[in-house]
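Chains A and B are the protein sequences, given in the same order. Under the numbering used here, the residues of the first sequence are numbered 40 to 383, in order. Under the numbering used here, the residues of the second sequence are numbered 40 to 383, in order.
If you are wondering where the hints come from, they were derived from the structure by calculation, not from laboratory data. One or more of the hints may lead you astray.
[What the hints assert, rightly or not] Here are the simulated DSS-like pairs of lysine-lysine, each with C-alpha atoms no more than 30 Å apart in a straight line:
{"hint": "1", "chain 1": "B", "residue 1": "Lys196", "chain 2": "A", "residue 2": "Lys308"}
{"hint": "2", "chain 1": "A", "residue 1": "Lys234", "chain 2": "B", "residue 2": "Lys332"}
{"hint": "3", "chain 1": "B", "residue 1": "Lys332", "chain 2": "A", "residue 2": "Lys196"}
{"hint": "4", "chain 1": "A", "residue 1": "Lys331", "chain 2": "B", "residue 2": "Lys196"}
{"hint": "5", "chain 1": "B", "residue 1": "Lys218", "chain 2": "A", "residue 2": "Lys332"}
[As the list claims (entries may be wrong)] Ranges of calculated distance between the beta carbons of each label pair, as one might list FRET restraints:
{"hint": "6", "chain 1": "A", "residue 1": "Arg290", "chain 2": "B", "residue 2": "His202", "range": "36 to 42 Å"}
{"hint": "7", "chain 1": "A", "residue 1": "Ile49", "chain 2": "B", "residue 2": "Pro116", "range": "28 to 34 Å"}
{"hint": "8", "chain 1": "B", "residue 1": "Glu225", "chain 2": "A", "residue 2": "Arg181", "range": "54 to 60 Å"}
[Unchecked claim] Computed from the model, here is a short list of chain B residues facing chain A with C-beta under 8 Å:
{"hint": "9", "residue": "Ile54"}
{"hint": "10", "residue": "Pro93"}
{"hint": "11", "residue": "Tyr96"}
{"hint": "12", "residue": "Gly134"}
{"hint": "13", "residue": "Asn193"}
{"hint": "14", "residue": "Ile203"}
{"hint": "15", "residue": "Ala305"}
{"hint": "16", "residue": "Phe325"}
{"hint": "17", "residue": "Asn330"}
{"hint": "18", "residue": "Lys332"}
{"hint": "19", "residue": "Trp335"}
{"hint": "20", "residue": "Thr337"}
{"hint": "21", "residue": "Ile338"}
{"hint": "22", "residue": "Phe358"}
{"hint": "23", "residue": "Ile366"}
{"hint": "24", "residue": "Pro368"}
Quick caveat, the model's predicted, so the values are computed rather than measured. By construction, the Cβ of each residue, glycine as well, lies at the ideal position given by its N, Cα and C atoms.
Number of protein chains: 2
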Amino acid sequence: MAELRRDPVIGRWVIISTERAARPDQFKDIAEEEAMSPGEKCPFCEGNESMTAPEIYALRKHGTRPNGPGWEVRVIPSITPVLQIEGDLDRHGHGMYDLMSARGAHEIVVESPRHTDDFGLNAEQISKVINVSLDRIADLERDNRIKYVLFFKNYGKAAGGGHIKHARSQLIGTPVNLKRVKEELEGAKAYYDYKERCIFCDMMKQEMASGKRVISESKHFVAMAHYASRFPFETWIMPKKHSCDFYRMSRGEVPDLGFVMRDVLARMKKVLGDFPYNIVLHTAPFRRESNKKHYWETIDHDYHWHFEILPILTRVAGFEWGSGFYINPVPPEDAARMLNEIKA
Amino acid sequence: MAELRRDPVIGRWVIISTERAARPDQFKDIAEEEAMSPGEKCPFCEGNESMTAPEIYALRKHGTRPNGPGWEVRVIPSITPVLQIEGDLDRHGHGMYDLMSARGAHEIVVESPRHTDDFGLNAEQISKVINVSLDRIADLERDNRIKYVLFFKNYGKAAGGGHIKHARSQLIGTPVNLKRVKEELEGAKAYYDYKERCIFCDMMKQEMASGKRVISESKHFVAMAHYASRFPFETWIMPKKHSCDFYRMSRGEVPDLGFVMRDVLARMKKVLGDFPYNIVLHTAPFRRESNKKHYWETIDHDYHWHFEILPILTRVAGFEWGSGFYINPVPPEDAARMLNEIKA
């Protein structure tokens with residue numbers, strides 16, 4: 040039985056997921072996940088649809104049937120969900136502690152029917168994945184238990200990519216707001232209360248004026264090395280037009296986002312080789328009557344959705360865990376310069 | 040030139056440390072640090088003192104001379120300091136951004152003169168390391184630029200332990216308060232404002248009454264699996280007597296802390312094998328007139344210092360980076376039970 044527990048001091052939630060593993064010897068070689076064993080079939084490949092649970096959604100060629108071939112992007116439930124969709128959301132206390140049943144959604148977005156396709160190298164495929172994610176988030180918004188849907192991608196061993204390389208990303212819908220997003224919402228609101236401007240828009244304007252951390256730009260989007268990057272080559276992609284809700288973006292702008300995302304990832308791959316990375320999407324939580332927050336009033340004006348691309352090239356250790364402070368050995372300006380010098 | 044940059048939205052500080060590395064090809068095999076090469080001499084071993092910068096401090100046998108043999112614990116400056124002691128603390132803005140020169144302290148505490156000693160297996164040696172750390176923190180407190188000293192330990196590859204195995208921990212003195220400690224201070228203050236009790240004391244009382252997460256106990260200290268553990272087998276060690284300042288602890292209680300720390304680490308080693316881990320110390324920041332915070336008024340009553348032992352057995356990936364939420368596959372009660380069943 041999985042449950043959500045809240046750290047009583049700082050309010051951080053932890054998913055205690057007993058279904059995933061348990062015996063200590065399972066942890067012994069965390070660093071050495073193997074590749075697929077010879078003869079092992081990939082459950083994410085076209086033709087192997089019966090190896091997964093029935094699909095939740097798919098972008099399919101006209102006339103093809105669910106759970107058979109003919110799809111371009113396919114969404115399936117996670118086989119090891121950290122949160123489960125069935126059941127009620129039960130919150131209770133245990134002495135001074137708070138806990139909650141682990142309800143929510145955990146879906147896998149298979150990004151291509153082909154095993155060897157690289158998500159980062161095809162703008163059209165990226166656009167399809169974005170379109171499917173928009174559809175799924177809009178659908179999950181109708182579930183009142185869910186407050187936020189996190190889109191994320193783990194690529195490569197050091198970034199938690201797992202032993203099957205087939206390109207995929209994930210959607211996790213959570214019954215609580217995310218700590219990281221809350222921190223951004225609170226920071227953005229404080230800035231807005233003081234200046235009556237969006238802090239992300241201001242950042243983007245300053246970056247575009249100086250140019251020294253801009254990596255890619257198109258009509259609707261800009262990719263920049265983040266000024267206070269935690270990780271070497273950390274890059275944020277933002278819509279130029281102010282907007283707090285990713286899932287309400289105009290479908291007409293999706294190909295433009297696909298172009299910028301591909302451009303950044305292709306440049307990174309040329310500079311860094313086949314590097315491990317995570318991508319996360321930060322957007323406004325679902326605003327529900329049942330969940331009014333003090334930042335709801337201004338959120339349309341002060342918050343700005345964005346993707347964070349996080350190459351995992353350094354190791355987080357005691358200093359970072361203890362302090363919440365990061366050490367980054369590559370100045371973001373140098374990262375931007377290296378990425379700009381390369382032909383994508 | 041290293042500098043500290045503040046994330047404009049959430050206020051997280053990042054050390055942009057250009058002196059540590061730079062070329063992208065240096066990151067290519069983050070996962071495969073090698074062992075020492077044959078013939079390589081360990082700079083931390085007794086007899087090799089001339090391989091390091093002159094010692095800052097050492098616990099020495101009577102009559103032995105600095106920078107020669109005869110020591111039991113030896114403190115030296117880091118050869119790759121993330122913060123440097125020389126120079127003034129310069130804060131300035133850059134458009135909307137804030138930055139600061141990277142001033143502070145970075146010291147290595149060599150925990151034993153012998154290369155093969157294991158920090159976790161000798162209570163007496165642990166006590167010596169604690170005594171030396173107390174002395175160093177008290178000394179660094181006199182430097183007005185430093186607001187906090189973080190004691191931490193990285194053991195094993197996955198925990199950032201480096202390629203030389205010689206037992207050591209580190210002290211980093213920072214010119215800003217730590218985000219993680221600030222979160223604890225604010226949570227503890229909110230609880231105190233409401234209940235007029237220390238949240239850590241309350242947690243400890245509830246844990247000692249139930250017993251199901253207690254791992255080790257002595258006259259002055261208790262070790263518990265943390266209720267909302269981020270990591271499998273995460274364990275906190277706290278003084279039973281309320282106190283916010285580690286560096287003001289009674290020297291008479293140090294051997295008792297060494298006993299509990301050894302007991303926990305030895306049990307973990309029996310259950311988990313030679314596991315990678317981090318240890319971090321959370322204590323009150325230095326209270327200075329120049330740095331008055333709203334939580335200073337109650338900090339003596341509401342904050343409680345503690346060590347966090349964090350085994351690194353799982354991988355943090357997109358979900359954790361994006362959400363600030365953690366997934367822990369081992370319920371803390373199960374961890375405590377397994378550690379209790381073993382003979383230490």
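Which numbered hints does this structure break?
-> Going through the list in order, the structure violates hints 3, 4, 6, 8, 10, 11, 14, 15, 16, 17, 18, 19, 20 and 21 and respects the others.
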